[in-house]
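Chemist: Now for the letters of each chain:
2 protein chains.
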Amino acid sequence: MAEKIEFKNLEESFKKHLPENELKEVKRILYGRADDHELSINDAALAIAAANNFEIKSYNFSAAKEDLRKPKIVKIGAVQNSIAALTTDPIHIQRNKLHEKIGKIIDAAGADNVNVLCLQEAWTMPFAFCTREKHPWCEFAENAENGPTTEFLKNYARKYNMVIVSPILERDEDRGSDIIWNTAVVISNSGNVMGKHRKNHIPRVGDFNESTYYFEGNTGHPVFETQFGKIAINICYGRHHPQNWMMFGLNGAEIVFNPSATIGALSEPLWGIEARNAAIANSYFSVAINRVGTETFPNEFTSADGKPAHKEFGPFYGSSYVAAPDGSRTPSLSRDSDGLLIAQLDLNLCRQIKDKWGFRMTQRLSLYGEKFTEASKFDYKPQIIKE
Amino acid sequence: MAEKIEFKNLEESFKKHLPENELKEVKRILYGRADDHELSINDAALAIAAANNFEIKSYNFSAAKEDLRKPKIVKIGAVQNSIAALTTDPIHIQRNKLHEKIGKIIDAAGADNVNVLCLQEAWTMPFAFCTREKHPWCEFAENAENGPTTEFLKNYARKYNMVIVSPILERDEDRGSDIIWNTAVVISNSGNVMGKHRKNHIPRVGDFNESTYYFEGNTGHPVFETQFGKIAINICYGRHHPQNWMMFGLNGAEIVFNPSATIGALSEPLWGIEARNAAIANSYFSVAINRVGTETFPNEFTSADGKPAHKEFGPFYGSSYVAAPDGSRTPSLSRDSDGLLIAQLDLNLCRQIKDKWGFRMTQRLSLYGEKFTEASKFDYKPQIIKE
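Sequences listed follow chains A and B, in order. In this text, residue positions in the first sequence follow our numbering: the first is 1, and each later residue adds one. In this text, residue positions in the second sequence follow our numbering: the first is 1, and each later residue adds one.
Keep in mind that a hint or two might mislead.
If chains are identical, the list can't say which one is meant, so a pair holds when it fits in one copy or spans any two.
For lysine-lysine, the following PhoX-like pairs were computed, each having C-alpha atoms within a straight-line distance of at most 25 Å [what the hints assert, rightly or not]:
{"hint": "1", "residue 1": "Lys8", "residue 2": "Lys24"}
{"hint": "2", "residue 1": "Lys386", "residue 2": "Lys72"}
{"hint": "3", "residue 1": "Lys75", "residue 2": "Lys386"}
{"hint": "4", "residue 1": "Lys354", "residue 2": "Lys70"}
{"hint": "5", "residue 1": "Lys104", "residue 2": "Lys159"}
{"hint": "6", "residue 1": "Lys65", "residue 2": "Lys356"}
{"hint": "7", "residue 1": "Lys101", "residue 2": "Lys154"}
{"hint": "8", "residue 1": "Lys72", "residue 2": "Lys356"}
{"hint": "9", "residue 1": "Lys101", "residue 2": "Lys8"}
{"hint": "10", "residue 1": "Lys75", "residue 2": "Lys354"}
{"hint": "11", "residue 1": "Lys104", "residue 2": "Lys154"}
{"hint": "12", "residue 1": "Lys356", "residue 2": "Lys307"}
{"hint": "13", "residue 1": "Lys70", "residue 2": "Lys356"}
{"hint": "14", "residue 1": "Lys377", "residue 2": "Lys356"}
{"hint": "15", "residue 1": "Lys356", "residue 2": "Lys311"}
{"hint": "16", "residue 1": "Lys97", "residue 2": "Lys134"}
It is worth saying that the hints were derived from the structure and are not from the lab.
Between the sequences and the hints, there should be enough to build the whole structure, so can you do that?
Modeler: Here it is, written out as structure tokens:
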């Protein structure tokens, strides 16, 4: 029941049809800057992208010069991709082919000196939760600290001096529970695992039957203080919850990645809004990442929408982008092809925007702590005024 | 130091230049629906708009038919306007001329059967807080319950069987404090004052020196249960605070108005994001309202931006719009002219979207109540992970 992608992205349509002066004004109003601030990418990275057929784009976000603080420049990368094998192939083949594909993209990121790279949600597998079948998909779950995917990425992290955020399906082996989680593993540029974060909010929407596989995370809202900046990960459906974004900000995040898997019919008009609102409200950078492609499964399944059973899920519409604390953002990667989005950030912008807008100062946090606690109780009486 | 408005709005540019099929796809991705769902407006209302030189637009938001609940149709209106006299005119003249101008717009809303109408922030006055002068601007403050503006509107509310939300500068006379507040007065369709809400978050940004006039509100997050639906008001700068929007949702709001006064150079790229994100996150309708025009003051003032003193503030960029819980929205009113935006809503959509997306169910409210309370304390230790 997948719809067709006929439209590469908004930017392509604007660029093709709008007169130069109007294009600039549209971009200023829509994206917060009249110019894209595109950065050149080095030849080695371009060559890898060309040879492996993925899009590569790079953009700059600068900050005002300060007297007392040096610029705090970091280059981040976001990867969007389709799966690399048939879903009927053995699990280890499906995973290995994804390792191979993503390895090339990491090579390009390394060649262009990316410091912190984030992959898409559950990147080692098709987004098979639409089937509600436990077998064979649960086989994709692996140990966060030393499973094959983490081991695979440790080498790249060391090789390129790069922090890699790896969102996988986690099997909690160490406690012997065998429970499955939706987890982002943070691998330091030293090659060691810094820690992990488990998805805080789990959807129960249409084909996103994820709550039948894993539960709400128990890792809080950790911020990872890497050598390149303070990062956090808000996994997929957590982007719909402003209070989730906010806690990462309260813990000091400068960059929050949002690795996702979502489809056009459901969420596309929300996509440009939520991660960007989070960047604005919390004075940090946010990075919205979505997969691409349509995934075809061996057995038919229904989508709780009254339509006949079918085997396809998607298309996932890509459109990954980076949003800045000042409300500006990059164009999107395309809606239909693998891609690496690079952005060079001056993290000094976060505190500069806090000084300018004052959202942290004016947020009345204790008031909301108290109100949310009251409102969560069974006997809460809403503040309703009647005539 | 006002910049020029040379661009009526995004929609005009898209309509002029994009091919039909691409325009539909752009609108679907950007605004959540390929078609605007424009409603016809009756001739009497059109005639009043034409005679008084303001834009008038109307759009429809429908919901799925249910078996047990009837459609819950309400027609809402939002007014954006420039001031109507010179800022050097006597206060009573400035106010009277605004009453006169808005009276005509209310007549048009009445003629088109609007049930709930919201005016812009501090609608009876120029947005004079940029001057930091207390005299004569504080004279605009008036009693919320029985000041001249409330009395003026009570007649219209009765005449048109219309709830009117009137955001004014309030003088707290009844307690004898003479304190000033930024307040929205809710006048019931019976002609009685239902109550009021005082702006919860006050800016300290550039020309928005409002914290030198009034303080953070003490009225909580009231929801007014009108005959036509449950409404709330998030005044201006409160739109930057997702937790503020959220509390109105937790108190049961179906429509949250955001009467604002904001300028392009500062906030325009944020404008389409914040109120719409609130509608999505809280499964209610939001209504973003901004004034238009440039206001010229008698005495020069500086804007804390290194530029020379000047007398102009603006232009305010209008662009009022309505956003729905499903992520869709109307086009904007223009950036430069007075206007009445009408939207017909089926409030059943709120609960339908709660059922579909489940954001209230999955929000983990008690967790965030606890975390916000902890994070508000002086000795809070952020959850930071180091290698």
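Chemist: Against this structure, judge whether each hint is valid.
Modeler: Each hint, compared with the structure:
no., hint, verdict
1, Lys8 x Lys24, "both (20 Å within a copy, 14 Å between copies)"
2, Lys386 x Lys72, "between (53 Å within a copy, 18 Å between copies)"
3, Lys75 x Lys386, "between (54 Å within a copy, 20 Å between copies)"
4, Lys354 x Lys70, "within (18 Å within a copy, 47 Å between copies)"
5, Lys104 x Lys159, "within (13 Å within a copy, 70 Å between copies)"
6, Lys65 x Lys356, "within (15 Å within a copy, 47 Å between copies)"
7, Lys101 x Lys154, "within (16 Å within a copy, 68 Å between copies)"
8, Lys72 x Lys356, "within (18 Å within a copy, 42 Å between copies)"
9, Lys101 x Lys8, "within (22 Å within a copy, 46 Å between copies)"
10, Lys75 x Lys354, "within (22 Å within a copy, 39 Å between copies)"
11, Lys104 x Lys154, "within (15 Å within a copy, 69 Å between copies)"
12, Lys356 x Lys307, "between (51 Å within a copy, 16 Å between copies)"
13, Lys70 x Lys356, "within (19 Å within a copy, 48 Å between copies)"
14, Lys377 x Lys356, "between (37 Å within a copy, 23 Å between copies)"
15, Lys356 x Lys311, "between (51 Å within a copy, 22 Å between copies)"
16, Lys97 x Lys134, "within (22 Å within a copy, 69 Å between copies)"
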